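Q: Given the sequences, and given the hints that come with them, work out the whole structure.
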Amino acid sequence: MPALTAEDIVKSRLHLIVKDLFKEVFKTNNRINRCREKISSSSLCDGTNRYWKAQENLDASIREKSFLLHQLLQLDVSYRWTEKLHQDRYSFVTDYVAVLVELNELKHERG
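Residue numbers for the sequence shown follow the working numbering, so the first one is 5 and each next one is one higher.
I should point out that these hints are in silico values taken from the structure, not numbers from a laboratory.
Some clues are possibly wrong.
Claimed, not checked - Once the Cα atoms are required to be at most 16 Å apart in a straight line, the calculated EDC-like pairs of lysine to aspartate or glutamate come out as: (1) K69 <-> D12; (2) K31 <-> D99; (3) K31 <-> E106; (4) K31 <-> D80; (5) K27 <-> E87; (6) K69 <-> E11; (7) K69 <-> D92; (8) K27 <-> E106; (9) K23 <-> D80; (10) K111 <-> D92; (11) K31 <-> E68; (12) K111 <-> D80; (13) K42 <-> E28; (14) K15 <-> E87; (15) K69 <-> D24; (16) K27 <-> E68; (17) K57 <-> E41; (18) K42 <-> E60; (19) K15 <-> D80; (20) K23 <-> E113; (21) K23 <-> D92.
Said to hold, decoys possible - Label pairs and their calculated CB-CB ranges: (22) D50 <-> K88: 45 to 51 Å; (23) S45 <-> L89: 34 to 40 Å; (24) V81 <-> A102: 19 to 25 Å.
A quick note: this is a predicted structure, and the numbers were derived from the prediction, not measured.
We put the beta carbon where it would ideally sit given N, CA and C, even for glycine.
A: Spelled out as structure tokens, the structure:
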């Protein structure tokens, strides 16, 4: 049995890593939407503790989403997984089209 390097393991399980990151971005998007609804729908005043806590949760969720998207981009730069979306192991992407669109927008922004 040949010795496996960490890179070999990542390459062989890349689709699982990408799938997990897509799920996390999707969950974070839902959390961001809930935070925005809470801030806009309730009668929270700008100076209240509840308002600032909701705003802090929104900001943290946005930072987390950005971090996750950048991880996906880095994996794409290193392993070119977006070129393999036609493969069956990447069929999960059809469930997360919005995430893929955001990722492509970020990719084009970075050039």
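Q: Each of the hints needs a verdict: does it hold here or not?
A: Going through the hints against the structure:
no. : hint                     : verdict
1   : K69 <-> D12              : violated (27 Å)
2   : K31 <-> D99              : holds (13 Å)
3   : K31 <-> E106             : holds (14 Å)
4   : K31 <-> D80              : violated (21 Å)
5   : K27 <-> E87              : violated (20 Å)
6   : K69 <-> E11              : violated (25 Å)
7   : K69 <-> D92              : violated (26 Å)
8   : K27 <-> E106             : holds (14 Å)
9   : K23 <-> D80              : holds (13 Å)
10  : K111 <-> D92             : violated (23 Å)
11  : K31 <-> E68              : holds (11 Å)
12  : K111 <-> D80             : holds (10 Å)
13  : K42 <-> E28              : violated (21 Å)
14  : K15 <-> E87              : holds (14 Å)
15  : K69 <-> D24              : holds (13 Å)
16  : K27 <-> E68              : holds (13 Å)
17  : K57 <-> E41              : holds (14 Å)
18  : K42 <-> E60              : holds (12 Å)
19  : K15 <-> D80              : holds (11 Å)
20  : K23 <-> E113             : violated (23 Å)
21  : K23 <-> D92              : holds (13 Å)
22  : D50 <-> K88: 45 to 51 Å  : holds (48 Å)
23  : S45 <-> L89: 34 to 40 Å  : holds (37 Å)
24  : V81 <-> A102: 19 to 25 Å : holds (22 Å)
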